[in-house]
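Okay, so the sequence shown: first residue is 1 according to the UniProt record's numbering, each after it adds one.
Careful: at least some of the hints might be erroneous.
[Claimed, not checked] Dumping the calculated EDC-like pairs for lysine to aspartate or glutamate here, alpha-carbon to alpha-carbon at most 16 Å:
id	residue 1	residue 2
1	K22	D59
2	K32	E82
3	K24	D59
4	K24	D86
5	K24	E62
6	K24	D50
7	K32	D86
8	K32	E69
In short, the hints are calculated from the structure, not lab data.
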Amino acid sequence: MTQRGRLYGCPVEFALDALGGKWKTVILARIKEQPLRYSELRRMIPSLSDKMLTQRLADLVEIRFVVLETSPDGKARYALTERGRDLAAALQALYDWGSVHGRAEGVRFRTDIEAAA
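From just these sequences and the hints, can you work out the full model?
As C-alpha coordinates, then:
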(Lines of atoms letter the chains of each structure in order from A; the text may use other names.)
(Lines give C-alpha, C1' and ligand atoms only; values in the text may rest on other atoms or scores of the structure.)
Protein backbone atom coordinates (compact mmCIF):
# COMPACT_ATOMS: atom_id res chain seq x y z
CA MET A 1 0.00 0.00 0.00
CA THR A 2 1.41 3.39 -0.92
CA GLN A 3 1.98 5.96 1.78
CA ARG A 4 1.32 9.66 1.34
CA GLY A 5 4.57 11.62 1.39
CA ARG A 6 6.78 8.57 0.84
CA LEU A 7 9.89 9.17 -1.26
CA TYR A 8 10.11 6.93 -4.34
CA GLY A 9 13.13 6.51 -6.56
CA CYS A 10 11.06 7.02 -9.71
CA PRO A 11 7.45 6.95 -10.97
CA VAL A 12 7.75 3.28 -11.99
CA GLU A 13 8.56 2.35 -8.39
CA PHE A 14 5.42 4.19 -7.23
CA ALA A 15 3.25 2.54 -9.92
CA LEU A 16 4.48 -0.94 -9.02
CA ASP A 17 3.98 -0.24 -5.32
CA ALA A 18 0.40 0.91 -5.97
CA LEU A 19 -0.39 -2.15 -8.09
CA GLY A 20 1.44 -4.37 -5.60
CA GLY A 21 1.77 -7.88 -6.93
CA LYS A 22 0.03 -10.26 -9.26
CA TRP A 23 -3.57 -10.27 -8.10
CA LYS A 24 -4.39 -6.57 -8.18
CA THR A 25 -3.48 -6.31 -11.84
CA VAL A 26 -5.41 -9.49 -12.69
CA ILE A 27 -8.51 -8.15 -10.91
CA LEU A 28 -8.19 -4.76 -12.60
CA ALA A 29 -7.80 -6.39 -16.00
CA ARG A 30 -11.10 -8.26 -15.48
CA ILE A 31 -12.99 -5.24 -14.16
CA LYS A 32 -11.59 -3.13 -17.01
CA GLU A 33 -13.96 -4.88 -19.40
CA GLN A 34 -17.10 -4.20 -17.34
CA PRO A 35 -18.24 -3.82 -13.73
CA LEU A 36 -18.39 -7.22 -12.04
CA ARG A 37 -19.99 -8.76 -8.97
CA TYR A 38 -17.80 -10.50 -6.41
CA SER A 39 -19.12 -13.90 -7.48
CA GLU A 40 -18.33 -13.15 -11.13
CA LEU A 41 -14.76 -12.23 -10.25
CA ARG A 42 -14.48 -15.38 -8.15
CA ARG A 43 -15.52 -17.53 -11.11
CA MET A 44 -13.22 -15.67 -13.52
CA ILE A 45 -10.17 -16.08 -11.28
CA PRO A 46 -10.57 -19.56 -9.73
CA SER A 47 -6.96 -19.81 -8.56
CA LEU A 48 -7.50 -16.80 -6.26
CA SER A 49 -8.83 -17.67 -2.81
CA ASP A 50 -11.89 -15.93 -1.34
CA LYS A 51 -9.74 -14.38 1.38
CA MET A 52 -7.19 -13.00 -1.09
CA LEU A 53 -9.88 -11.69 -3.45
CA THR A 54 -11.61 -9.91 -0.56
CA GLN A 55 -8.31 -8.41 0.62
CA ARG A 56 -7.21 -7.26 -2.83
CA LEU A 57 -10.61 -5.73 -3.63
CA ALA A 58 -10.44 -3.83 -0.33
CA ASP A 59 -6.94 -2.62 -1.26
CA LEU A 60 -8.14 -1.48 -4.71
CA VAL A 61 -11.07 0.39 -3.16
CA GLU A 62 -8.77 1.98 -0.57
CA ILE A 63 -6.35 3.28 -3.22
CA ARG A 64 -9.31 4.48 -5.31
CA PHE A 65 -8.75 2.30 -8.39
CA VAL A 66 -12.09 0.54 -7.84
CA VAL A 67 -15.44 1.50 -6.37
CA LEU A 68 -18.26 -0.72 -5.17
CA GLU A 69 -21.42 0.56 -6.85
CA THR A 70 -25.03 -0.53 -6.93
CA SER A 71 -26.26 -1.35 -10.42
CA PRO A 72 -29.83 -0.68 -11.67
CA ASP A 73 -30.79 -4.26 -10.75
CA GLY A 74 -29.84 -3.51 -7.12
CA LYS A 75 -26.76 -5.72 -7.08
CA ALA A 76 -23.35 -4.51 -5.96
CA ARG A 77 -20.64 -4.50 -8.60
CA TYR A 78 -17.00 -3.48 -8.60
CA ALA A 79 -16.18 -0.87 -11.24
CA LEU A 80 -13.10 1.10 -12.18
CA THR A 81 -12.87 4.68 -11.01
CA GLU A 82 -11.43 7.35 -13.28
CA ARG A 83 -8.09 6.67 -11.64
CA GLY A 84 -8.49 2.96 -12.40
CA ARG A 85 -9.54 3.66 -15.99
CA ASP A 86 -6.30 5.59 -16.42
CA LEU A 87 -4.55 2.20 -16.11
CA ALA A 88 -6.46 0.67 -19.05
CA ALA A 89 -3.73 1.28 -21.64
CA ALA A 90 -1.02 -0.06 -19.33
CA LEU A 91 -3.10 -3.16 -18.52
CA GLN A 92 -3.75 -3.75 -22.22
CA ALA A 93 -0.01 -3.42 -22.95
CA LEU A 94 0.75 -6.04 -20.26
CA TYR A 95 -1.95 -8.32 -21.68
CA ASP A 96 -0.59 -7.97 -25.22
CA TRP A 97 3.00 -8.54 -24.13
CA GLY A 98 2.01 -11.58 -22.06
CA SER A 99 -0.02 -13.00 -24.93
CA VAL A 100 2.80 -12.75 -27.48
CA HIS A 101 5.64 -13.85 -25.24
CA GLY A 102 3.66 -16.43 -23.31
CA ARG A 103 2.59 -18.16 -26.52
CA ALA A 104 6.22 -18.08 -27.70
CA GLU A 105 7.10 -19.93 -24.47
CA GLY A 106 4.32 -22.47 -25.04
CA VAL A 107 2.10 -21.48 -22.12
CA ARG A 108 -1.69 -21.80 -22.16
CA PHE A 109 -4.21 -19.22 -21.05
CA ARG A 110 -7.54 -19.81 -19.32
CA THR A 111 -9.08 -17.06 -21.46
CA ASP A 112 -8.38 -19.12 -24.60
CA ILE A 113 -10.11 -22.16 -23.10
CA GLU A 114 -13.12 -20.07 -22.02
CA ALA A 115 -13.40 -18.49 -25.48
CA ALA A 116 -13.36 -21.91 -27.17
CA ALA A 117 -16.13 -23.29 -24.94
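### Query
Going back to the hint list, which numbers does this structure go against?
The structure breaks none of the hints.
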